[in-house]
Amino acid sequence: MKFLKTDTSACSGARACEKACAMTFFKKEDSAYSCILHQKASGKSDLNVCNQCGACIEVCPVKALSRNKLGVVMVDKKTCIGCFMCVGFCPTVSMRRAPGSREPFKCVSCGACVKACPSKALSLSEKDHAGLPC
Amino acid sequence: MSIDFTKRTCYTADVEKMKAAHKLLVEVPFKPSLPERGYNNRSLHIDLTTMKVTEKQVTDQMKQIFIGGRGFGLWYLWNAIKPSTKWNDSENDIVISPGPVGGNTQYPGSGKSLVVTLSPLTGVPIDSNVGGYFGPLMKFCGFDAIEIQGKAKNDVIVLIDGQKGVIRIEEAPLESPDSHIAAELFTHEYANDHDDLRNVSVVSAGRGAEHALVGCLNFSWFDVRRGCTRLKQAGRGGIGSVFRDKKVKALVVHAPPVKGDMNHPVDIDRIAKVGVKLHREIHDNDDKQCHMRRQGTAHLVEIMDAYDLLPCNNFQFGKHPDVKNIESKVWDARFTQGIPDGCWYGCSMQCSKGADGHVVKSGPYKGDTVTVDGPEYETAAGCGSNCGIFDRDWLLEANFYCDTYGIDTISFGTLTAFVMECYQRGILNKERTGGLELSWGNAAAQLELLHRIARGEGFGLIAGQGIRRMKKIFSEKGWGDLAFLNDIGMEVKGLEYSQYMSKESLAQQGGYALANKGPQHDEAWLIFMDMVNNHIPTFEDKAEALHYFPLFRTWFGLNGLCKLPWNDVEPADNAMTSEPAKVPEHVQNYCEIFTAITGREIDKTELIRMSEGVYQFQRVFNLRMGYGKRADDVPPYRSVGPVTKEEYESRAERYDKQLKELIFVDPAGKSVDEKIAIHRKYREDRYQKLMDAVYKRRGWTREGIPTLETLKKFKVDFPEVVEVVKHHISKI
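In the order they appear, the protein sequences are chains B and X. Quick note, the first sequence lines up with residues 480 to 613 if you use our numbering. Quick note, the second sequence lines up with residues 23 to 754 if you use our numbering.
In isolation and in its complexed conformation, chain B is listed as follows (with noise of 0.2 Å):
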């Protein structure tokens, strides 16, 4: 399973994830556009980012979400309702909604934030998905 890997105590906090992950897939550079948000917490900074865990899979009521040959849980749009239970019941609330969106929005673990990161604070990580839902 293709994930994004946070290192949290290597972060600077300059949000480039977030400009980089809203930029790819909204063109725009608001963090609400954004996969990967970077929280402050008790003065320490915190990534919050879809950790492909799949929960989402078995609440969504149309089979929208899915892993795909990498192990990344996609959202079929074609498919999706939009009833964005997924986003209620994501257990890192990681799965988001975009202003004026019909449809959910996640990390695909496409990396164009681990690049813009100037702390190398990110990575693409590999993990075994067996067991998990599908």
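Keep in mind that the hints are not guaranteed to be accurate.
[Stated by the list, open to error] Calculated lysine to any residue pairs in the SDA-like style (CA-CA distance at most 25 Å, straight line):
#: 1; chain 1: X; residue 1: K310; chain 2: X; residue 2: M553
#: 2; chain 1: B; residue 1: K557; chain 2: X; residue 2: M553
#: 3; chain 1: B; residue 1: K556; chain 2: X; residue 2: K299
[To be verified] With the C-beta cut set under 8 Å, the calculated list includes, among others, these residues of chain B facing chain X:
#: 4; residue: P540
#: 5; residue: C562
#: 6; residue: V566
[Stated by the list, open to error] DEER-style ranges, computed between Cβ atoms:
#: 7; chain 1: X; residue 1: R64; chain 2: B; residue 2: D525; range: 37 to 43 Å
#: 8; chain 1: B; residue 1: L603; chain 2: X; residue 2: A328; range: 51 to 57 Å
#: 9; chain 1: X; residue 1: D563; chain 2: B; residue 2: M553; range: 40 to 46 Å
#: 10; chain 1: B; residue 1: K606; chain 2: X; residue 2: S600; range: 46 to 52 Å
#: 11; chain 1: X; residue 1: D26; chain 2: B; residue 2: A493; range: 48 to 54 Å
#: 12; chain 1: X; residue 1: N556; chain 2: B; residue 2: E537; range: 42 to 48 Å
#: 13; chain 1: B; residue 1: A489; chain 2: X; residue 2: F550; range: 53 to 59 Å
#: 14; chain 1: X; residue 1: S600; chain 2: B; residue 2: N527; range: 31 to 37 Å
#: 15; chain 1: X; residue 1: T31; chain 2: B; residue 2: M553; range: 31 to 37 Å
#: 16; chain 1: X; residue 1: E77; chain 2: B; residue 2: E537; range: 39 to 45 Å
#: 17; chain 1: X; residue 1: V188; chain 2: B; residue 2: L603; range: 50 to 56 Å
#: 18; chain 1: X; residue 1: S600; chain 2: B; residue 2: K556; range: 39 to 45 Å
#: 19; chain 1: B; residue 1: N527; chain 2: X; residue 2: K39; range: 53 to 59 Å
If you are wondering where the hints come from, they were derived from the structure by calculation, not from laboratory data. Even glycine gets a Cβ: it sits at the ideal position worked out from N, Cα and C.
Given the coordinates of chain B, assemble chain X onto it according to the supplied hints.
This is chain X only, laid out in the frame that chain B set:
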């Protein structure tokens, strides 16, 4: 227990042959459209006598005053029928409307259809709130409501095809009318392919609705995980009986694929924001609160038992030692878990539980493997404890057959409980029931009664007419004393009670008996507020609650909403608010989504005002049909206090204490009969005082008639409405 939730008997093998046997009677093209701000501004009228299909304009006045859903249903019905109309007259109208909020996919519980018709049980309008996809899909074809008037000669289906832009009326001779088959067949007949199955929804009844007056409608949706159609019921008031009387086998809608913005709301971000917030709240709190996602409403069984509120043996008793056999953990284990069970997209509450792999053990489908939709609390209590039955599998059997025959589980449960008490007391016997030993707990006999009701056979034909008619028949035959039958027959206005004991809650006695359509708890459920928490101690407090809650709940029916996500999950800090019973945060959510869809800005005060016009109009409608007065709002004594010695003795300590502390009578030395009589006088007097207080609060005369000022205040003072009221006020 592990059950394969995809395994069930296949009924679609001959689907092509069945479709080929259809005979096209009418085909009318129409221009499919999507709503703007929640409305299409048109409705569809079908006359099955003349086979005419027409479109009607939904006017701004309709939207302002009647809003949609139940409001539209009542308005169209008013215009369709006369004061002399009976339920089986051709002009009776079945109206289905989802309301402006209905069909949004973001806010839980937004897929309801409201069905209105002239009830065969009550002679006044009935409204029933039902899930399933029909209403929203009809809206996404281009209609805010459908009316079915007239009667066909042979069994027909009505198809609204929003993908092809065509309305068709077809004779459909071969398909079974029974809903678990009819829904499956018609869904497959009209879907283009497998992926299109979920864009079809079917309304059907069943063979039972052809012979009984307690017929229900089933509204389907295609469950993509299970790979089968599921059913939700517009249960109350005999709508299914009207449907089959019109020779409608099914209404079928085939809509374009659903997307999240098809209502074309003014502000989709605003809806999504509150929708996601509620999804999260359900995610965080449901496991700690009501367990709706695992057990549906069946979680209530042991709670009601614990508070002496679970109807047992025809509402005589409120608890039973065998309740453990039908309590929530039994259903938790029996329902298939982990499948999204919403009856419309976006409902994360998911109470539409399914018990898969039920092997049918009686009747025409004996041996088949089926998915049972439920049981919900009402079915578990009505067909179970109220009949002294505490057997999981027989309950599933009763649930399955009621649904597929098109019989309302609530009326069936309550009328069977009445029949069983008549059997206990010798009013009925084996000879009178055609050999059925209808003693408490005899589940096999209960099922056989259901089969006979469905066939319209022998005693089944009598029982299927409901309690009000049974009381008359038993009395006329000299089987029982009418006064006693009136005491134990749990109906008001002709509708059977739903499944809560109201003996110790005066407010709930009113909640039931003052309800416009008859005793269904969806108008008001005040037992905890009143009996348990004592938050509404005075007559005025109770009257205030009986003003606010029926109107608040009416609003759900105007908009295509479900009541459950309002208070079957609550914000974690709800108890800290000034009015926790109202769940203020969720009330605000409703204001948000209504405004965000329609663009009409409302607040919590306006929300109640919107309902009040419709509610007052419905009261006048009852008057117009010859009912709707004080005498029609009086409950049977069984719902007010102890009728029999056994009932008194089962709670002797409580009743004796009440004699001393509330009535100031020393019970010592008094016989049980004397004590029952004292209680009765006290309780019936209190009920009359409650009626006075409620009528005053609602702006009605002492006879229960809305005043002209009230009608004017809520803008329902149309000339024909005023005429009805004037006629009654002048009589006084």
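Checked hints:
Only pairs whose Cα atoms come within 25 Å are accepted, and K310 of chain X paired with M553 of chain X is accepted, the gap being roughly 24 Å. About 51 Å separates the Cα atoms of K557 of chain B and M553 of chain X, which puts this hinted pair outside 25 Å; it is violated. This hinted pair checks out: K556 of chain B and K299 of chain X have alpha carbons roughly 22 Å apart, not beyond 25 Å. Evaluation of the P540 of chain B hint against chain X yields a held restraint, the C-beta minimum of about 4 Å falling below 8 Å.
Because the closest C-beta pair between C562 of chain B and chain X is about 3 Å apart, less than 8 Å, the hint holds. With 8 Å as the threshold, the beta carbon of V566 of chain B comes within range of chain X, its nearest partner Cβ sitting at about 5 Å, so the hint holds. Look at R64 of chain X against D525 of chain B: about 52 Å separates their beta carbons, and that is not inside 37 to 43 Å. In this structure the supplied range 51 to 57 Å holds for L603 of chain B paired with A328 of chain X, their Cβ-Cβ distance being about 54 Å.
For the pair D563 of chain X and M553 of chain B, the beta carbons lie near 55 Å from each other, so the given range of 40 to 46 Å is not met. About 50 Å separates the C-beta atoms of K606 of chain B and S600 of chain X, a value consistent with the hinted range of 46 to 52 Å. The hint said 48 to 54 Å for the Cβ distance between D26 of chain X and A493 of chain B, and at roughly 53 Å that hint holds. The hint said 42 to 48 Å for the Cβ distance between N556 of chain X and E537 of chain B, and at roughly 43 Å that hint holds.
Checking the proposed 53 to 59 Å range against A489 of chain B and F550 of chain X shows it holds: the Cβ atoms sit about 54 Å from each other. In this structure the supplied range 31 to 37 Å holds for S600 of chain X paired with N527 of chain B, their Cβ-Cβ distance being about 35 Å. The hinted range of 31 to 37 Å is satisfied by T31 of chain X and M553 of chain B, whose Cβ atoms lie roughly 35 Å apart. Hint check: E77 of chain X to E537 of chain B, Cβ distance near 42 Å, so the stated range 39 to 45 Å holds.
Distance hint check: the CB atoms of V188 of chain X and L603 of chain B are about 52 Å apart, consistent with the given range 50 to 56 Å. The supplied range of 39 to 45 Å is met by S600 of chain X and K556 of chain B, whose beta-carbon atoms lie about 43 Å from each other. Between N527 of chain B and K39 of chain X the C-beta distance comes to about 56 Å, which sits within the given range of 53 to 59 Å.
The earlier numbered hints that this structure contradicts are 2, 7 and 9.
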